[in-house]
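Q: Use the sequences and the hints to build the structure in full.
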Amino acid sequence: MPMTERKFVDVDGIKTSFFEAGAGEPLVLFHGGNFGSPSLADSALDFSTNFDELARRFHVFAIDRVGQGFTENPRDLSKYTMQGSIEHAIAAIEALGLRDLHLLGHSRGGYLVCAVTLQRPDLVKTVTIVDSTTLAPGIGRNDVVLANPPGPSLSAACQRWVLERFSYSVGHITDDWIDQLVEIGSRPAYLEACSVMIDQGLLQTQFIPQLTRQKSEIFGQIRDIGIGRPTHIIWGYNDPTAPIQGGQALYDLCAMRERRTQMTIINQAGHFSFREHPVQFNACVTGFIQGVG
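Residues 1 to 293 (our numbering) make up the sequence shown, in order.
Keep in mind the hints are simulated off the structure, nothing from the lab.
Among the hints, erroneous ones may be present.
Taking lysine-lysine and the DSBU-like style, the derived pairs with C-alpha atoms no more than 35 Å apart in a straight line are [stated by the list, open to error]: (1) Lys-15 / Lys-125; (2) Lys-15 / Lys-79; (3) Lys-7 / Lys-215.
Now the in silico label distances, taken between C-beta atoms and shown as ranges [to be verified]: (4) Arg-120 / Gln-210: 17 to 27 Å; (5) Asp-143 / Gln-210: 16 to 26 Å; (6) Arg-141 / Ile-178: 18 to 28 Å; (7) Gln-210 / Pro-188: 18 to 28 Å; (8) Arg-6 / Arg-99: 19 to 29 Å; (9) Gln-221 / Gly-291: 24 to 34 Å; (10) Asp-76 / Pro-188: 10 to 20 Å; (11) Arg-141 / Gln-268: 10 to 20 Å.
The beta carbon of each residue, even a glycine, is placed where N, CA and C say it ideally should be.
A: See the structure below:
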């Protein structure tokens, strides 16, 4: 793994993990997933195939979202929501002293960076959304494609199985990455988040209902006033869980109000398009940012 120098910053009392490298304009990366997932322990290390190369051109920050990676859990149960994750992301950006930044988010992180841009446009220069069925119109296929993973939960076999089904090809699923996912999934804080979300039921009683309501509100904002910043949508053409039609519908929605909207479709790529084709992905990100700058 090229991302080896982990740093921490205090974000409203939450010890927050991040990686930092490079110089130039700030580019902040947010991974997908959510706290308490029993099948895949996403973290900033998802970007390990992209981080070093992007840092040749930008001042890159890859941040572990609240309750994920090595960032501590929310301080109270009411913050086990997508909005709680968004608020933590904004507070982390401010704690790091960043402004005029380029935001990039994958999957649920794509929803997050769109929400951050709408809630705090003063912080954001451009936004890139990658394979985000959470943000796209329509229904994702996670429940179908990822049904019945092998046990035990969060084991190497479980997480590898999930990643293989997310993907078009499997060469990007390295043993080093799997080892990191297993380490994160075995941390007491992560298991505590699983207990809160699954055993105590907050996933179904709080997280999903609030996300559903907020998603409807975000669609209304994008439709009525627009994102208000140059927007780049990147999608894997073969994403089995976030169909390309959803990405195209998201592009149509964003482009109605924001003329500086672009879409890049990466062929022979699944949900982790940035890992399956890192050279092409990094070039698309760099070209977009430089083109609208």
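Q: Compare the structure with each hint and give your call.
A: Hint check:
no. : hint                          : result
1   : Lys-15 / Lys-125              : holds, 26 Å
2   : Lys-15 / Lys-79               : holds, 15 Å
3   : Lys-7 / Lys-215               : holds, 32 Å
4   : Arg-120 / Gln-210: 17 to 27 Å : holds, 19 Å
5   : Asp-143 / Gln-210: 16 to 26 Å : holds, 19 Å
6   : Arg-141 / Ile-178: 18 to 28 Å : holds, 23 Å
7   : Gln-210 / Pro-188: 18 to 28 Å : holds, 26 Å
8   : Arg-6 / Arg-99: 19 to 29 Å    : holds, 24 Å
9   : Gln-221 / Gly-291: 24 to 34 Å : holds, 25 Å
10  : Asp-76 / Pro-188: 10 to 20 Å  : holds, 18 Å
11  : Arg-141 / Gln-268: 10 to 20 Å : holds, 18 Å
Every hint, counting from the list given before, is met by this structure.
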